[in-house]
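Below are the chains, spelled out letter by letter.
Protein chains: 2
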Amino acid sequence: MSGGPLPTIHEVARLAGVSVATVSKTLNRSGKVSALLQERVNAAAQKLGYAPHASARSLRSGATRILGLLVADLANPYFLKLVESIERLSSAAGYSVILCNSAEDPEREERHLAMLLSQRADGAIVIPTRRGWSGRQAALANLPMPGILVDRRIEGLDLDSVTTDNVALGRLAAEHLDDLGHRRIAVIMGSPEHQIARHRLDGFRSGLAARGVTLDERLIEKDNFSEAAGHAAALRLLAHAERPTAVFATNNHLALGLLRAITERNVSIPDELSIIAVDELPWAGLVRPGMTVVTQPSEAIAETTVSTLLSRITEGRSGPGEDEAKSIQLQPALVVRGSTAPMRK
Amino acid sequence: MSGGPLPTIHEVARLAGVSVATVSKTLNRSGKVSALLQERVNAAAQKLGYAPHASARSLRSGATRILGLLVADLANPYFLKLVESIERLSSAAGYSVILCNSAEDPEREERHLAMLLSQRADGAIVIPTRRGWSGRQAALANLPMPGILVDRRIEGLDLDSVTTDNVALGRLAAEHLDDLGHRRIAVIMGSPEHQIARHRLDGFRSGLAARGVTLDERLIEKDNFSEAAGHAAALRLLAHAERPTAVFATNNHLALGLLRAITERNVSIPDELSIIAVDELPWAGLVRPGMTVVTQPSEAIAETTVSTLLSRITEGRSGPGEDEAKSIQLQPALVVRGSTAPMRK
DNA sequence: GACGGTAAAGAAAACGATTTACAGGAGGAG
DNA sequence: CTCCTCCTGTAAATCGTTTTCTTTACCGTC
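Chains as they are written, first to last, in this note's numbering: chain E, 34 to 378; chain P, 34 to 378.
Derived by calculation from the structure, the hints in this document are not laboratory data.
Take these hints with a grain of salt, some might be off.
If chains are identical, the list can't say which one is meant, so a pair holds when it fits in one copy or spans any two.
Stated by the list, open to error - Think about it this way: if two alpha-carbon atoms lie no more than 20 angstroms apart in a straight line, the pair counts; the simulated EDC-like pairs of lysine to aspartate or glutamate are:
(1) 80 / 143
(2) 255 / 305
(3) 359 / 336
(4) 359 / 348
(5) 114 / 137
(6) 58 / 297
(7) 65 / 235
(8) 58 / 332
(9) 65 / 250
(10) 65 / 332
(11) 359 / 191
(12) 359 / 313
(13) 114 / 305
(14) 65 / 143
(15) 58 / 44
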């Protein structure tokens, strides 16, 4: 917060006694410059505290080295983890990240996309909002820069995507509970309109079916993804005539609601009830026996996302054969802790 | 991810049958353009899907409409809340936000600052790392754009800052516990080298002193800010010969550790022990009687930060009288829930 | 009818970098 | 000695805007 105008490449050139072209070549390690002049140029740049003007550079070169990161919901701790990893990886690769939060609002999402277009970001990483994509796929499909979808896919949109294999995730949870001998199993699934919830439930159901266990449809609680919904669903389940011996909560908000109901009703975990949830959470340590969870590979997802996007950017969609959108699915993992236990005979 | 090169202002001008200057004036609502031509220009821009090239615009106009947001630790939920609010407010004011996470690493912080300088961000919002500022204040002081510090201040640095009044925060907690009649009170303070922790403790101590209560120095637990440190400190306090009747945890990681210890030792809250912490937390609902907390006014802090920075940007540090850095402190609030109760006689 | 004033539109000069195309000099071959 | 070829370094064009400065046209007034 001081100092006059910043030095330009001309002043560096003058101080070093060379032309601006030589300065540019030296700083970008492109073209041939003798060692002597390189020395002089670097010294001059250092002395003046020269920082190249990114706008001027991008205007001429056509690349901004900026990535747009458009997140559906920053408050979601899982997305936050993705944001953190993506920022770190992009930054390490020399890209800056413009962060946008759409807060599940399609209108904000659209405004942010327009802004990223104006900024001529070199690429866009998008966790799309849940709804409002019916007529708007064009907005993403027509993006003039490479784009990639994370965590959520959009049906009928020809764009790279990286997601968790949510069917496998459901199956993993199912197999664990079956291994422990549970038969009366409940699921708090969230909104049935949401693709991810459906996949997790499908995987869970088919996982049980493969072991010869049928999921009781009356023990599937459907509503939305809020903590309140999870709480209400859990209370209904606990009031059942034949109380389930295990519960699978398909999302962390739901799990939080479930835990609250359990605390209020003084249900003992895992003696009276086994519970399994999705994703590690900061407060997991609070839950006494430790939460058994199925985790999404967030770091791997971030890595795959960034590297896939960057190669699209550098390759410039050249080969006409390799041009199809990739749908990458990564595998979840089971982490067993104390909140699940063998069913008592 | 398609379409050829983006249309430029020249193509809009040609389609509308006017000069580029007229297009520019129309789109920026500056200068005089007849209604007829405005109509034609807007129609042409619309039809071509024209989006002005931000780099070209900034190069000429000198303003990027970009703010840098450099955060010491994205994983901290309190900072996350600030990030969320700052992004929303900036976006509403027409600014894009480049997000940088230094992860408490001074080196990353420095690299990010250099990047923001190169990008010619119009302003920088910085939550500085805890350490490593001894010799580096210059890096911030010499920033050529307006900058503002949030949450943490740096001694001897002439820069605007917005923080919580942490002395008041400590006092608020003290008065509440005194109102309830507690006398044997413990504090888990975190690192004594950290200014914020010291302020909170000072406020707490003087708040008690003003009521004629002396804080027992042996009940002040000092270490670092980790969950593990909070846990260890809590175990020591619970093992005390004369166990305290109330505990103040000055930070959310510490509170988490405290809660874990309490759960493990089966201490009943608030019957055996009253606890008070800092900041609302997503998992607060899990704690049975509800957490009594002193909250920092995060939304107000974000608002003040953004508006102060934006006015510095637009006013361009003109008036030589009003030029001094402002240190703004905002007031915390007490939220009483079930985790604190009157001391039993 | 000449003149001045005003408003609207356009021509052209920046902004600060990259990049292309060219110039100059050294060195070697014929 | 001349010609050709590298090899460095430079001049100048260019990217897409904004902005300044002219130009043009129109109108009312004397």
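Status of each hint after checking the structure:
no.	hint	verdict
1	80 / 143	between (44 angstroms within a copy, 18 angstroms between copies)
2	255 / 305	neither (23 angstroms within a copy, 40 angstroms between copies)
3	359 / 336	within (15 angstroms within a copy, 42 angstroms between copies)
4	359 / 348	within (15 angstroms within a copy, 49 angstroms between copies)
5	114 / 137	both (18 angstroms within a copy, 16 angstroms between copies)
6	58 / 297	neither (68 angstroms within a copy, 64 angstroms between copies)
7	65 / 235	neither (61 angstroms within a copy, 62 angstroms between copies)
8	58 / 332	neither (37 angstroms within a copy, 47 angstroms between copies)
9	65 / 250	neither (72 angstroms within a copy, 68 angstroms between copies)
10	65 / 332	neither (40 angstroms within a copy, 54 angstroms between copies)
11	359 / 191	within (9 angstroms within a copy, 51 angstroms between copies)
12	359 / 313	neither (28 angstroms within a copy, 41 angstroms between copies)
13	114 / 305	neither (33 angstroms within a copy, 37 angstroms between copies)
14	65 / 143	neither (45 angstroms within a copy, 30 angstroms between copies)
15	58 / 44	within (15 angstroms within a copy, 33 angstroms between copies)
Comparing the model with each numbered hint stated earlier shows that hints 2, 6, 7, 8, 9, 10, 12, 13, 14 do not hold.
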